[in-house]
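Note that the UniProt record's numbering has the sequence shown beginning at 1, numbered continuously upward.
Honestly, the hints are just simulated from the structure, not real lab data. No experiment lies behind these values; they were computed from the predicted model shown. Please note that the accuracy of each hint is not assured.
[Stated by the list, open to error] Quick list of in silico lysine-lysine cross-link-like pairs, DSS-like style, CA-CA up to 30 Å: (1) LYS125 to LYS71; (2) LYS170 to LYS108; (3) LYS125 to LYS145; (4) LYS108 to LYS71; (5) LYS130 to LYS170; (6) LYS170 to LYS125; (7) LYS164 to LYS130; (8) LYS145 to LYS130; (9) LYS141 to LYS170; (10) LYS71 to LYS40; (11) LYS108 to LYS145; (12) LYS170 to LYS145; (13) LYS40 to LYS108; (14) LYS71 to LYS145; (15) LYS71 to LYS130; (16) LYS125 to LYS164.
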Amino acid sequence: NFINQFTAEQCRRISASLQSQSPEHLLPVLIQAAQLCREKQHTKAIELLQLTMAQLKRVLHPRIIQELNHKPGMVSALVTMYSHEEDIDSAIEVFTQAIQWYQSHQPKSAAHLSLVREAANFKLKYGRKKEAISDLEQLWKQNPKDIHTLAQLISAYSLVDPEKAKALSKHLPSSDSMSLNVDVEALENSPGATYIRKKGGKVTGDSQPKEQGYVFHCNIL
């Protein structure tokens with residue numbers, strides 16, 4: 001993580017220098033926000049980002065504002081801060097708006113699919129499996145050979161639509177063929193991975209899967 005390479009004072013100096021060179025650039029503000037996060041001043045970080053966007057709205061075209069608002073660095077910063085404030089609904093809304101923007105302007109781009117993946121993992125971490133289903137389905141449709149995503153999707157459906165979960169589990173390879181392509185232990189321990197297809201087609205599941213934490217860093221680039 002870039003921000004951890006410097007002391008608090010160095011971060012402030014770097015931010016001030018960049019801001020003097022390019023007042024309209026978001027990077028200095030994201031550095032400041034990341035530093036505030038490191039100091040556990042998450043409310044101040046959110047206020048800083050909100051104030052910055054309000055100021056930019058006065059001088060930039062609305063289209064540019066929308067693009068800046070949904071940059072991965074801004075999304076990451078806001079989600080991290082809302083998470084620390086335990087405002088999970090607001091964090092998910094940040095993801096939702098960003099994904100909708102990319103769906104309209106850069107559909108299926110690397111940035112778009114990356115946000116969908118991060119949103120799905122974030123929702124699974126906080127027990128929002130039903131909300132994660134649409135994200136996981138979108139990812140799996142993009143890559144039907146992605147067994148990791150399929151396992152997450154089956155787990156999510158297992159709580160809201162068991163029959164759908166069983167139907168999807170038929171797409172899982174046998175344990176023998178799976179071992180050639182993926183780390184089975186890692187798959188079983190991944191967020192939301194409940195169903196693993198055994199040799200011969202039998203599906204097993206854990207009614208109370210253990211969720212692995214998804215660490216969402218405050219990326220600034």
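Hints versus structure:
1. At most 30 Å may separate the alpha-carbon atoms for a hinted pair to count; LYS125 and LYS71 meet this at roughly 22 Å.
2. Under the criterion of a C-alpha separation no larger than 30 Å, the hint pairing LYS170 with LYS108 is consistent with the structure, at around 27 Å.
3. Distance restraint check for LYS125 and LYS145: the Cα-Cα separation of roughly 23 Å lies within the 30 Å cut-off, and the hinted pair is therefore satisfied.
4. A C-alpha spacing of about 15 Å is found between LYS108 and LYS71, which places the hinted pair at or below 30 Å, so the restraint holds.
5. For the given pair, LYS130 sits about 21 Å from LYS170 by alpha-carbon distance, which is consistent with the 30 Å threshold.
6. Pair hint LYS170 plus LYS125 holds up; C-alpha atoms about 25 Å apart against a cutoff of 30 Å.
7. For the hint pairing LYS164 with LYS130, the CA-to-CA distance comes to about 13 Å; that is within 30 Å, so the pair holds.
8. The straight-line distance between the Cα atoms of LYS145 and LYS130 is roughly 22 Å, inside the 30 Å bound, and the hint therefore holds.
9. Only pairs whose Cα atoms come within 30 Å are accepted, and LYS141 paired with LYS170 is accepted, the gap being roughly 16 Å.
10. Restraint check for LYS71 and LYS40: satisfied, since their Cα atoms lie roughly 23 Å apart, inside the 30 Å limit.
11. Of the supplied pair hints, the one linking LYS108 and LYS145 holds, its CA atoms being roughly 17 Å apart against a limit of 30 Å.
12. Distance restraint check for LYS170 and LYS145: the Cα-Cα separation of roughly 13 Å lies within the 30 Å cut-off, and the hinted pair is therefore satisfied.
13. Between LYS40 and LYS108, the direct Cα distance comes to roughly 35 Å. Violation of the 30 Å bound is thereby established for this hinted pair.
14. Between LYS71 and LYS145, the direct Cα distance comes to roughly 29 Å. Compliance with the 30 Å bound is thereby established for this hinted pair.
15. Taken as a hint, the LYS71 and LYS130 pair is honoured in the structure, with Cα atoms around 26 Å apart against an allowance of 30 Å.
16. Under the criterion of a C-alpha separation no larger than 30 Å, the hint pairing LYS125 with LYS164 is consistent with the structure, at around 22 Å.
Consistency note: the structure conflicts with earlier hint 13 alone.
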